[in-house]
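Trainee: On the provided structure of chain A, position chain B as indicated by the hints.
If you're matching them up, the sequences are chains A and B in order. Here the first sequence is numbered in this note's numbering, starting from 1342 and rising by one per residue. Here the second sequence is numbered in this note's numbering, starting from 521 and rising by one per residue.
Since the hints were derived computationally from the structure, they do not count as laboratory data. Predicted model, so just to flag it, every value in this text is computed and none were measured. Every residue, glycine too, gets a C-beta built ideally from N, C-alpha and C. Please note that the accuracy of each hint is not assured.
Here are a few chain A residues that face chain B, going by a calculated C-beta distance under 8 Å [claimed, not checked]:
#, residue
1, 1363
2, 1570
3, 1713
4, 1730
5, 1740
6, 1755
7, 1758
8, 1760
9, 1768
10, 1814
Listed next, the in silico DSBU-like pairs over lysine-lysine satisfying Cα-Cα at most 35 Å (straight line) [unchecked claim]:
#, chain 1, residue 1, chain 2, residue 2
11, B, 1090, A, 1748
12, A, 1748, B, 1087
13, B, 549, B, 893
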Amino acid sequence: MMLACLILIPLAAGVLAWAAARWSVTAARWIALLAMLADFTLALSLWISHYHAGFATWYAETDWAWIPQLGIRFHLAVDGLSLLLLMLTFFLGTISVLVSWREITEAAGFFHLNLLWILAGIAGVFLAVNLFLFYFAWELMLVPMYFLIAVWGHENRTYAAVKFFIFTQLSGLLMLVAILALFFLHHHATGVYSFEYQDLLGTAMSPGTEMWIMLGFFVAFAVKLPVVVLHTWLPDAHTEAPTAGSVILAGLLLKTGAYGMLRFVLPLFPHAASVFAPIAMALGVAGILYGALLAFGQTDLKRLVAYTSVSHLGFVLLGIFAWNSLALQGAVMTMICHGISTGALFVLVGALHERIHTREMDHMGGIWSTAPRLSGAALFFALASLGLPGLGDFVGEFLVLLGAYQKSIVLTSLAAIGILFATFYALRLVQRAFQGPNTRDWHIPDLVPREGLVIGLMIAALLWLGLYPRPILDTFQQAAARLEQLAPGK
Amino acid sequence: MLDLLWLVPAIPFASAFVLAVFGPRMRSKAVAVLGAGAIAVPAVLMLLIAAAFVSAPPAGGAYTQVLWTWIGVGSFRPAIAFYLDALSLVMVVVVTFVSFLIHVYSTEFMRGDEGYSRFFAYMNLFVASMVTLLLADNLLLLYLGWEGVGLCSYLLIGFWYQDPVNGLAGRKAFIVTRVGDTAMAVGLFLLFHSLGTLRIQDLLHTASDQWQIGSPYAVAAAALLLGGAVGKSAQLPLQTWLPDAMAGPTPTSALIHAATMVTAGVYLIARTHGLYELAPQVQLAVAVTGAATLLMAGCSALTQNDIKRVLAYSTISQIGYMFFALGVGAWGAAIFHFMTHAFFKALLFLAAGVVIEALHHEHNIFRMGGLRKELPAAFWTFLIGGCALAGLPLITAGYYSKDLILWSAANSTAGTAGLWVAGIAGVVLTSLYTFRLIFVVFFGQPATPVSHRPGPAMMIPAFVLAFLSITAGFATTPFAAFMAKALPELHEGGMGMSEVINSTVAGLAFLAGLLVAWYAYLSNPALGRAAATSRVGRVLHRFWFSDWGMDWFYDRLFVWPVVWSAKANKADIVDSIYTGLTRLAALCHRYFSLTETGRLRWYAAWIAGGSAFAVAIAMFL
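Excised from the complex, chain A in its bound form (with noise of 0.2 Å):
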């Protein structure tokens, strides 16, 4: 009931906020803001409840039937790898509702709607257990990103709106297609009728058959996460999105890409996977050096921010493919932090391009002189997204990498040079944006208070997560172990 609760509250607030913002919009925000705090505390308070018992298999589930005849059930469940993730959606949700409380002023009451059920469907993705019930959560966290990227963005919204809509539902239908391929699969085999994950693993198929079904099912996580090739969608909705999209986009729905790998690609098909993990790695290595070169060469503050997601979900794909417990952490680290750090960066750039109303940096320069505050954090989450030791993303990324060097050295070789290419991004960003002289004569306000909450908060949560992680590795320990017992040939 617990776990139902959790989709369950931002389904019913996107609601009432709608509703309530006919006569007061500031009561929409508080109503999702309580949403939020809400089910942050209910996550929470599941994480530290379970702690000691450690994370061992499934727990607190939620079991409804819902079309029980072709197995479709409303079933719910988290281990530690759901837990983590589902933290992470209150918390960046919870800031997501904390920066668009003044930048959004149009159709607030319907703006926070689409935000909490986009919310509640990432829950959702990582609560299902049950493949039907999960790609209808996939599916409905889709729709409502469409509209608020394209009511509440930039000049360029519709086009945006429009790429991001055929990319993520043409892989989701492949997906589709992968899942009943598997679900006739498993009837032909059992004679049951069953969409129940537990059900499915281990359904006896050959290996071409295997094959074929796993990249479908790969596909459409490669397409969220995004891997190099199908990555195209994202800076422009990266850079239309308002503020709050961008931050859910990145820190959120990047991740249900490589959720959906950890979750479904490896378990479902390990034989399949292992022969793919290969070029899955190479795809991961060539996402880390060619996203943080396409960073390097943006104009575009906010468009550099979004490739540095390819770079760094780069390392997510190479941890995941190479499947060992260093690498899996590493990768769920890299999710963890990532959505923290680069989260971060969209709220900076927003607050910005809120003050300047441009996000072009050759217009900017020495905003450090008049808003010291914004451009000192903007100059952190830059190192911690450069790999910093001590911040939370290198602890993933190294993990990472030293997960992968016992698979490959040559690529682990490459995609340490891809830190390297790091710097070149983050210190340009720092450098045109808020160094150099101010040509513009920029005088700005500073972070006002709740942006400096916002922002004070992921800075503690990153140095926490770089010098003590092991609350987030222990949590996820079990699961990374059960998956590498996974790993063909182990």
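Mentor: Leaving out everything else, chain B in the frame of chain A:
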């Protein structure tokens, strides 16, 4: 006493945080007290710890303090833990003490600067990171400190951020050193993969158990760590960032880019000396790198006009001597030279800072001159520092440490005659460029009027360092005995040159440099000018002035291609696949819509034709 060790990095970390967050609202007096105080306390604490360590040495000659397990995945469990032995003790004592003096100096030097609190926040963060680097018990924590000092170096070089030139110099420093760090990171992966640990002491034990001398793993690991070391310590081929780093405030140059951070590579190699003993080829590479760097940088120093750039090249050259010493297995001598260099080079920079401030931020030595009488305190301290740098025999500390290195090169099984000769040639060069600097700046005719005289906060640290630049040399024997507790002693062999011959030749080399400088720059300045303007002189001058053309080369080989390709691909070539698809769809739309004419006859014909086509397919296939 030893259990207070954690406070040595913790105090400056804490004060850096306080200064960063609350500094802008604090009064500058308070900033100065907090900024310098946060270094004074660890410096005193470290002296007490050193006293306790020497009077009652811990079991095994080392003390380990584990704070907490940092990361825990399977058998990978690096801790936030500190390791204190004779080596790290000496390094931390010198670093905290010199840092304290330079912080005191900075309270006056930086007074009135807009970023006063920011400056001290960065400087404190630097000291904290440097101490972490030195005390780290495992390579991952060392890497944290390593990157931390690199960050502070970047922040302080670009401290006056409104001038893009400073920002560029800062980025160059960060990126070039990170090239080395990337190699070092791969070295860490290799070491963990093969040895299963990153704890330095365990690692050295396991390595000597598992690997033969000359084993490819040992060679690869040692070479990769050397990559990190040459980056941080500005040795060939990654030395190009250090001269530009002089864009930072002078106290920063003194502390980070002369006395402490740039010697981190020396420390890393000394700390992991066991690996280098397993990889004699790489150890030889260390010696050759050092010898080549000390000569090349010495030549470049001869041609510079900017007082700080001369000192920067001399730093590169002197660290070359330290690498040289490490390479011939004179581990203790390298650390001894680190210590004396920290004193006299910090002193030179502090004195140079006095001169620069006195002359309205004039950096060009040919617009100085005759300052001997106007700034006597700066002159005498600079002279002492210069003599120590050049190695004035018997009196100065620099002489003793360099003499020991040269003697080791001649008397080590790893040394060769060629290396020894290179070292002696380096002494001539050092003496020559040092006295060129002294004669041009402090003798001759005054060129720029003195506008500002230093106060006690700037001069007292210089006096203390001047005192140490002379007296530290007398501690050669006890220092060597103390170092022997942590580092192996020299394997004697080689040429078997006597100390007297070595010292005499070194002394003559010093004298030769001094005399040439005196003749060409003081007694007969036209000669020096003529040498520089002759045809060969001009070519050499330009070549050496531009650091042997290495920046030119790197720009074309790495910088421009990366920048160009990033700019050219700003719109992302991959996206053209998808925009191509949409164009294709639009094109199809245009042509198919042409068929929508509204004429019934055409529609009927299309239907008939289509049906016939479908029937034909069904029949023939």
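Trainee: So, as I understand it, the hint says residue 1758(A) touches chain B; can you test that by seeing if any CB pair is closer than 8 Å?
Mentor: This hint holds: residue 1758(A) lies near chain B, its Cβ roughly 6 Å from the closest one there, short of 8 Å.
Trainee: Would you settle whether the hint for residue 1760(A) is holds or violated, based on the nearest Cβ-Cβ distance to chain B being less than 8 Å?
Mentor: Status holds, d = 7 Å.
Trainee: If you draw a straight line from the CA of residue 549(B) to the CA of residue 893(B), is it 35 Å or shorter?
Mentor: holds, 33 Å
Trainee: Regarding the hint that residue 1570(A) lies at the interface with chain B, is the smallest CB-CB distance below 8 Å?
Mentor: holds, 6 Å
Trainee: Report holds or violated for the interface hint on residue 1713(A), using the least CB-CB distance to chain B and a cut-off of 8 Å.
Mentor: holds, 7 Å
Trainee: Against chain B, run the beta carbon of residue 1363(A) and see if the smallest gap drops under 8 Å.
Mentor: violated, 39 Å
Trainee: Check whether the Cα positions of residue 1090(B) and residue 1748(A) lie no farther apart than 35 Å.
Mentor: This hinted pair holds, its Cα atoms lying about 33 Å apart.
Trainee: Was the hint right that residue 1755(A) lines chain B, CB cutoff 8 Å?
Mentor: Result: violated, 10 Å to nearest chain B Cβ.
Trainee: Minimum Cβ distance from residue 1740(A) to chain B below 8 Å?
Mentor: holds, 6 Å
Trainee: Was the hint right that residue 1768(A) lines chain B, CB cutoff 8 Å?
Mentor: With Cβ-Cβ at 5 Å, under 8 Å, it holds.
Trainee: Has the given pair, residue 1748(A) with residue 1087(B), been kept, meaning a C-alpha gap of at most 35 Å?
Mentor: The hint holds at about 34 Å.
Trainee: Quick check on residue 1814(A) please, does its C-beta sit within 8 Å of some C-beta on chain B?
Mentor: holds, 6 Å
Of the numbered hints listed earlier, those contradicted by the structure are 1 and 6.
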